[in-house]
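Number of protein chains: 2
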Amino acid sequence: MAHTDELKTSQRILMGPGPSDVHPRVLKAMSMPLVGHLDPEFVDVMDDIKAMLREVFQTENDLTFAVSAPGSAGMECCLVNLLEPGDEAVVCVHGVFGGRMAEIAERCGAAVIRVEAPWGEPIRADVVARALSGRRPKLVSVVHAETSTGVLQPLGEISRLAHDAGALLVVDAVTSLGGTELKVDEWGIDAVYSGSQKCLSAPPGLSPVSFGPRALAAIEARRTKVQSWFLDVTLVRGYWGGARRAYHHTAPVSSCFALREALRLVLEEGLPARFERHRRHHELLRRALEELGFEFVVAPEYRLPMLNAVRLPAGVDDAAVRRRLLDEYSIEVGAGLGEFTGKIWRVGLMGESSTVNHVHVLLAALRDVLA
Amino acid sequence: MAHTDELKTSQRILMGPGPSDVHPRVLKAMSMPLVGHLDPEFVDVMDDIKAMLREVFQTENDLTFAVSAPGSAGMECCLVNLLEPGDEAVVCVHGVFGGRMAEIAERCGAAVIRVEAPWGEPIRADVVARALSGRRPKLVSVVHAETSTGVLQPLGEISRLAHDAGALLVVDAVTSLGGTELKVDEWGIDAVYSGSQKCLSAPPGLSPVSFGPRALAAIEARRTKVQSWFLDVTLVRGYWGGARRAYHHTAPVSSCFALREALRLVLEEGLPARFERHRRHHELLRRALEELGFEFVVAPEYRLPMLNAVRLPAGVDDAAVRRRLLDEYSIEVGAGLGEFTGKIWRVGLMGESSTVNHVHVLLAALRDVLA
Chain A
-9 MAHTDELKTS QRILMGPGPS DVHPRVLKAM SMPLVGHLDP EFVDVMDDIK AMLREVFQTE
51 NDLTFAVSAP GSAGMECCLV NLLEPGDEAV VCVHGVFGGR MAEIAERCGA AVIRVEAPWG
111 EPIRADVVAR ALSGRRPKLV SVVHAETSTG VLQPLGEISR LAHDAGALLV VDAVTSLGGT
171 ELKVDEWGID AVYSGSQKCL SAPPGLSPVS FGPRALAAIE ARRTKVQSWF LDVTLVRGYW
231 GGARRAYHHT APVSSCFALR EALRLVLEEG LPARFERHRR HHELLRRALE ELGFEFVVAP
291 EYRLPMLNAV RLPAGVDDAA VRRRLLDEYS IEVGAGLGEF TGKIWRVGLM GESSTVNHVH
351 VLLAALRDVL A
Chain B
-9 MAHTDELKTS QRILMGPGPS DVHPRVLKAM SMPLVGHLDP EFVDVMDDIK AMLREVFQTE
51 NDLTFAVSAP GSAGMECCLV NLLEPGDEAV VCVHGVFGGR MAEIAERCGA AVIRVEAPWG
111 EPIRADVVAR ALSGRRPKLV SVVHAETSTG VLQPLGEISR LAHDAGALLV VDAVTSLGGT
171 ELKVDEWGID AVYSGSQKCL SAPPGLSPVS FGPRALAAIE ARRTKVQSWF LDVTLVRGYW
231 GGARRAYHHT APVSSCFALR EALRLVLEEG LPARFERHRR HHELLRRALE ELGFEFVVAP
291 EYRLPMLNAV RLPAGVDDAA VRRRLLDEYS IEVGAGLGEF TGKIWRVGLM GESSTVNHVH
351 VLLAALRDVL A
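As you go down the protein sequences, you meet chains A and B in turn. Counting from -9, one number per residue, gives the positions in the first sequence under the working numbering. Counting from -9, one number per residue, gives the positions in the second sequence under the working numbering.
Hints are computed from structural coordinates only; laboratory data are not their basis. Do not take every clue at face value.
Note that the list lumps identical chains together, so a pair holds whenever it fits in one copy or between two copies.
Pairs of lysine-lysine residues, derived as DSS-like cross-links and limited to a Cα-Cα distance of at most 25 Å, are as follows [to be verified]:
| # | residue 1 | residue 2 |
| --- | --- | --- |
| 1 | Lys333 | Lys173 |
| 2 | Lys40 | Lys(-2) |
| 3 | Lys18 | Lys(-2) |
| 4 | Lys173 | Lys40 |
| 5 | Lys18 | Lys40 |
| 6 | Lys173 | Lys215 |
| 7 | Lys333 | Lys(-2) |
Whenever a hint applies, use it, and build me the whole structure from the sequences.
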């Protein structure tokens, strides 16, 4: 065996599409000695997480908890529980993550009807209406904050259309939760998933999810077992809820400690102040990036405040400049993904990474590198 | 929102079925500031984990990595990648975790042939031989260390029988890895999964897995897509291996830092010394528990050194005594699971929890409580 050294990492400034920087209080929670996954003290931690997630999701949904895996597993959790072979699913695709939802829905045996928009634009409600015409699909799914394109998707009209067609509304809120308004109950969202490592600024590894009463009714009416045992919410909810907690799997205890602390920070700040902070720093960054010759991919009214998708100034070498930012300034910005690979950057201002100083150090470094 | 206090947990002494106590060096690694999940420094961390896991699994398998979720997801990862609808699977069931494998295999659409043994006994090779007679199943699966019963399952004969029948051998090593001999290559194991929180003594949330060449060939010969996108190793391996790392999901960065440090500790001690330590403390505990009137569930030759399944002395109230151990001595021991609920204890001596002092404090507390 070759000798493996002590872990040595650089002190990064995380301004990519997540993970974002983590508050020292959250890092401290990660390093607390463990308790057992069925310890009464851990049950209290789970209850705290559920209560705080309800606040952050703005929902009364009882079945609100954190899947013991990253956001992609949260996506899969929502879809495998709601879809059965032969179901129809209308999946909105305007970036990588909508495409991933379609892929997973197909693996559930669903007949997928794709509703598309060009990358960088939102899904138009009239296109959804056309797809729903004459159909009674099981669900309509859509990405609220497309991390691959920087688009903030309006949900009101799509929610109305979905419910008029008798469908459930499933929303990807991986990048939006805790960074911009997301009203699960008021907007009629039936199932929603997120990630711990974006605007909540906990380490990656947990996926907050919430299922509403219509989604639960659909799950209870299933004719077949959920194809994933690990993600089957009819089993998982016995561990996360109820009078007596039943063992299902071993939750990532330390990651739950961290998420709990991250949620405390979110609620101490308050959602309105937090959303305003994300808008303010987005605006500060936007003005300066445009002066430097970057162009925003998305029209102003649909721009995400926490994920800035920008085309590079002419002549700027994407990979070389990102590498210099990382090596010389220890700043991470995100590369393009999918059809935007090599064409755009994704500059994240998420959670603890949405500060005036993050904006300043990035701009100063960019002025150096591009000079 | 009700005010949520700072996290306050007790300093537990973890002697249940996992998580086990975590070394301060591992807790420190958990609290390191994060780097991005595609940062070159994180790619190095992933490479270190793969290399060290190969040492611990005693394998040359290239596809050796950590699933970004707990052990149950590792189980599901092995089965969903290897099984397709209509496949036959011979599943050995002699406790909760064999039963879980059968359940997952059925959810993959496989025809499951159960080979059973009474709880507390190993699976007999002749019963496996009978089940395989006239069959060419896709795989035979078996639990190496049944955490629900305390049985150490011999694998040599079952491996030979499985391969003679043209089947792959899938092994659950959640509780055995790092605590007792497990020779993946020498024993002909084609796919194996474990957990981070048992004898490796990292926090829960990662599941080390390894796939051998026959398993890879079976995956490449699939006629259908793997039903789980999140666990599809043909996608995950692009993130964990290869010349250029492709984004698949966001790995739990901090948990990977911790697993890396935990593996360093395992290899600094060395596998033979570590296995001997687990045997020694098991023996110390066994003698004293028997003096106190506890009876081991499993015959001596099949006993797990890291998980001691014992029947309580007559008249001892299971739940009340466990609760006193937790409340008055901050010691966690495990309850019985499945058909052993209320009938046995599971006393873990895993990884960092396998020390002479752990044995001593438990015995002293038990003498107090049972006096």
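Here is how each hint holds up against the structure:
1. Neither within a single protomer nor between protomers do Lys333 and Lys173 lie at most 25 Å apart by alpha-carbon distance, with minima of 33 Å and 48 Å respectively.
2. In this assembly of identical chains, the alpha carbons of Lys40 and Lys(-2) lie at most 25 Å apart only when taken from different copies (17 Å versus 35 Å within one copy).
3. In this homomeric assembly, Lys18 and Lys(-2) come within 25 Å of each other (Cα to Cα) both inside a single copy, at 18 Å, and across copies, at 12 Å.
4. In this homomeric assembly, Lys173 and Lys40 come within 25 Å of each other (Cα to Cα) only inside a single copy, at 16 Å, whereas the closest approach across copies is 42 Å.
5. In this assembly of identical chains, Lys18 and Lys40 lie within 25 Å of each other by CA distance solely inside one copy; the values are 21 Å within and 27 Å between copies.
6. For the homomeric pair Lys173 and Lys215, neither the shortest alpha-carbon distance inside one copy (30 Å) nor that between copies (35 Å) is at most 25 Å.
7. With identical chains, the CA atoms of Lys333 and Lys(-2) are never at most 25 Å apart, being 32 Å at best within one copy and 47 Å at best between copies.
In the structure shown, a violation is registered for the earlier hints numbered 1, 6, 7, in ascending order.
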